[in-house]
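2 protein chains.
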Amino acid sequence: MPEISLHRPYPSADVPAWDCETDVAVIGFGAAGACAAIEAAEAGAKVMLFERNSGSGGASALSGGEIYIGGGTEVQKAAGFEDSAGDLAAYLKMAGGLNADHAKCELYAAGSLVHFDWLKAQGVPYKGTYVPGKIIEPEGDDTLIWSGSEAAEPFCLSAKPAPRGHVIQFMGWGGGRKLVDILEAKARSLGVEVVVDARAAALIEDAGRIVGVVMRIDNANRFVRAAKGVVLATGGFVMNPAMLAKYAPLTGKIRDPIGDKDDGSGIELGVGAGGDAIHMDEFFTTCPWTIPQSHAEGVFVNVAGQRFINEDCYHGRVSRTAVDQPGGKVYLLLDNAHFEQPPEFARVSIAATGASWEEVEAELEMPQGTLSATMAVYNEHARAGRDPLFGKRAPILQPLDQAPFVALELNFETSYFSFFTLGGLKTSVDGEVFDRAGTPIAGLYAAGRCTSGLPAWGHGYSSGMSLADCTFFGRRAGSKAAA
Amino acid sequence: MPEISLHRPYPSADVPAWDCETDVAVIGFGAAGACAAIEAAEAGAKVMLFERNSGSGGASALSGGEIYIGGGTEVQKAAGFEDSAGDLAAYLKMAGGLNADHAKCELYAAGSLVHFDWLKAQGVPYKGTYVPGKIIEPEGDDTLIWSGSEAAEPFCLSAKPAPRGHVIQFMGWGGGRKLVDILEAKARSLGVEVVVDARAAALIEDAGRIVGVVMRIDNANRFVRAAKGVVLATGGFVMNPAMLAKYAPLTGKIRDPIGDKDDGSGIELGVGAGGDAIHMDEFFTTCPWTIPQSHAEGVFVNVAGQRFINEDCYHGRVSRTAVDQPGGKVYLLLDNAHFEQPPEFARVSIAATGASWEEVEAELEMPQGTLSATMAVYNEHARAGRDPLFGKRAPILQPLDQAPFVALELNFETSYFSFFTLGGLKTSVDGEVFDRAGTPIAGLYAAGRCTSGLPAWGHGYSSGMSLADCTFFGRRAGSKAAA
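First to last, the protein sequences are chains A and B. Note that numbering that gives the first Met the number 0 has the first sequence beginning at 0, numbered continuously upward. Note that numbering that gives the first Met the number 0 has the second sequence beginning at 0, numbered continuously upward.
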């Protein structure tokens, strides 16, 4: 009997007996897997959905349940924002930077409104209310928030800004659990057979086509025939230290992976079948420095006392750029008008205080004329409503000139920098897993963070972009697999 | 007949007939392939060496023929430098950063002196003379140069500095061609059969073991049986735009790939056989800003007027960090005591001049108090022999205070930023290609830039590190394949 391995498909000729048969086998029961299962079942396919945990969830259930949607939803309109598919596409492409998959960006932008309707039709509730300001998730059960860098340069120069974070109606943080619960109920109502405590151990191949999967269930191998296809929806690899060290070594600078058994097994299965893994070095990270909200008006400097970004960008873009800085830490500078005690979970400390920026500079042991010169230039122009260096904009652009002053330390080793990976399988807009020559591997589909999708660049990530990718392209993968 | 593909080994059962048989087949006739062939032949194996061009060379022949060697060579000693294997290992690990392969660094450091003797025994001549200063390659036929960031922070803090670039005796630049010629002569003298105009089209597999290679010769497929193994030595992927876009998209910012048909085919062959490609986003780049040598004492700022590195580092480390800066360009600041006309091939232009740094700042349309403040702090401390921000050191640390002043523009799109890729197959110290689970693939070896080796981090690259890796680990791959 050949080896059962993530790294090499098992030959179907060596399957001793099929333990079960289905049309579509979906691996992983987060949002991507749930959406794939729903669409495959809607298309009339028999669907089995396997989850290695004892219930649905995945990283989706750890999220805020916020989906990046635009193009002019009724929520955007009610709040007075104009948006268009063109602006959404332009933003998504900028957010993907050099890694952007333009076909996915365009298709998502064109289909975003219809996708929003679909989510509601599945039973996902939206209150329809807008919360202004720079927040991470609503404190209440509101819907629409600014969840990216839309209003910040350079994004706002090429795409008309609008808030696009659409949050499930849920009191407080953590609506992702509710989102997955609703999708799970829908999948079950359609007859999707859910098998939990089941881990994918190998794909099964017949003459270059994926025809099934070996599931590890109750310590035994179960051979699952999938007549139409297998959909990988297993998440990223943030919980696999060996893969992080090999493929995303810069994550070694920070300490707080977020994920739910995201061990990269789907990526390994796909690559083992001839798939192509791309942008494997990319990761999202954020330190919750915009809490309290007054801190969003602060200024960041590195250990040389230099600013490095327009701080009105999304907190994750600022945090990701912070991690690029030399010296193991950055400082968030605040004045008396803005400082409040940061939340304990951020593990951010006060590194220096002073009656002037010169005093703060001295207490940080920076050379005279560095941080103080930075702040002199910043304040002079901020008073005039300008940031000639980085293009930060009002109303977040504020002078920091009310003594006393404070420098908070965001330390990569000790502060809370949560992170997850963005690299994964290269797929078509229909979730087909491409081989390294660019040809779809017959019978193999993937969606969510085991693929490289809309969120392809850590410096461009916006909240809700991963769930947008998981739900939209999860659906498409399920449809295509069932076709 | 199955497809002949880089992406999937060809089944040996389907080989119609073996066109030739050898013990070891080496693919690629640069320095890595030559060294592999020499050692395999020395070990008594029958060796065939295939090269897709009409003669030997590869990227090695485009280089300066400079090899990173240390630990106390007689050349280092004669020039008055102490070095040790420990310092060399420490430097190599720092130069690899988070990507460093510690086992390779340690083995190379321990074997560097013996490897130098081996090179000389092959007939590689070294004059034995030292040239001080910050140069790219000797103008004459001298041997020893500073070819990295050894004397610069943070490297010098953890590894005692010594020059380690050992250049083949050759008048002027470009000794790499001579190096390959000598290795070729040695290989031929040992009976290595060289086949040119021969491109590898597929590996051949038998029950998980690589047993040969399909060579494309005269528009026909030739089935080559390799009883002991195949050594991939095909170089990186800098000449493959599709691979660059997928795996090293940041190279899209710059314009001047250097390589010789380095299309990544060896990486594709290896991954197609189950191999693991790592650090694929990494690349070396340099703009020759240290020519004329007085420019090595200049100061770099980004478009925000901020310094970003201690400029006494290796020119490639400075250039690679420059490419990270926002805004599409950086400026090299010089005063009247340092400025000379830059060489035309660098495609560097004068962006601003002035009687003061304030005037230069204004001409660059930077806000008042940015570049000028940067230079005020720099000059104040440089006069005292200090660089408190980035740790630049004397004698390269010099105040720039003699009017008039100039800012040269290094523009990523128009200036000469040469680059080549560093990512590739994950291999053991013996050149065995690891599969994704970390197990060597039987019969498959690799060396040089189709692997990830000593030069694993663009920000830490030093001249001669790639040839050190190619020659040393090429030899080991050849020995292991022949064993």
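Rather than coming from a laboratory, the hints here were simulated on the basis of the structure. This structure is a prediction, so every number in the text was calculated from the model and none was measured. Idealized CB from N, CA, C, for every residue including glycine. Wrong hints could be hidden among the right ones.
Here are the computed lysine-lysine pairs in the DSS-like style, where the Cα-Cα straight-line distance is at most 27 angstroms [what the hints assert, rightly or not]:
hint, chain 1, residue 1, chain 2, residue 2
1, A, Lys-159, A, Lys-185
2, B, Lys-45, B, Lys-126
3, B, Lys-92, A, Lys-252
4, A, Lys-252, B, Lys-177
5, A, Lys-92, B, Lys-252
6, B, Lys-177, A, Lys-328
7, A, Lys-328, B, Lys-126
8, A, Lys-119, A, Lys-45
9, B, Lys-126, B, Lys-76
10, B, Lys-252, A, Lys-159
11, A, Lys-126, A, Lys-159
12, B, Lys-252, A, Lys-252
13, B, Lys-159, B, Lys-126
According to the in silico footprint, chain B covers these stretches of chain A (three or more CB under 8 angstroms from chain B) [said to hold, decoys possible]:
hint, stretch
14, 12-22
15, 271-282
16, 294-306
17, 425-436
Structure-based check of all given hints:
1. A:Lys-159 with A:Lys-185: 35 angstroms, violated
2. B:Lys-45 with B:Lys-126: It is violated: about 34 angstroms lies between the C-alpha atoms, which goes past 27 angstroms.
3. B:Lys-92 with A:Lys-252: 16 angstroms, holds
4. A:Lys-252 with B:Lys-177: Violated. Lys-252 of chain A to Lys-177 of chain B sits at ~43 angstroms, over the 27 angstroms cutoff.
5. A:Lys-92 with B:Lys-252: 17 angstroms, holds
6. B:Lys-177 with A:Lys-328: Measuring from Cα to Cα gives roughly 47 angstroms; hence the hint is violated.
7. A:Lys-328 with B:Lys-126: Judged against 27 angstroms, a Cα distance of about 47 angstroms means the pair is violated.
8. A:Lys-119 with A:Lys-45: Roughly 24 angstroms separates the two Cα atoms, so the pair holds.
9. B:Lys-126 with B:Lys-76: The given pair, whose Cα atoms are some 14 angstroms apart, holds under the 27 angstroms limit.
10. B:Lys-252 with A:Lys-159: With a Cα-Cα distance of about 26 angstroms, the restraint between Lys-252 of chain B and Lys-159 of chain A holds, given a limit of 27 angstroms.
11. A:Lys-126 with A:Lys-159: 25 angstroms, holds
12. B:Lys-252 with A:Lys-252: Given pair Lys-252 of chain B, Lys-252 of chain A holds - Cα atoms ~25 angstroms apart, limit 27 angstroms.
13. B:Lys-159 with B:Lys-126: 25 angstroms, holds
14. 12-22: Coverage by chain B is violated for the stretch 12-22 of chain A (0 residues, Cβ < 8 angstroms).
15. 271-282: holds (count 7)
16. 294-306: holds (count 4)
17. 425-436: Coverage by chain B holds for the stretch 425-436 of chain A (4 residues, Cβ < 8 angstroms).
In summary, the numbered hints that this structure violates are 1, 2, 4, 6, 7 and 14.
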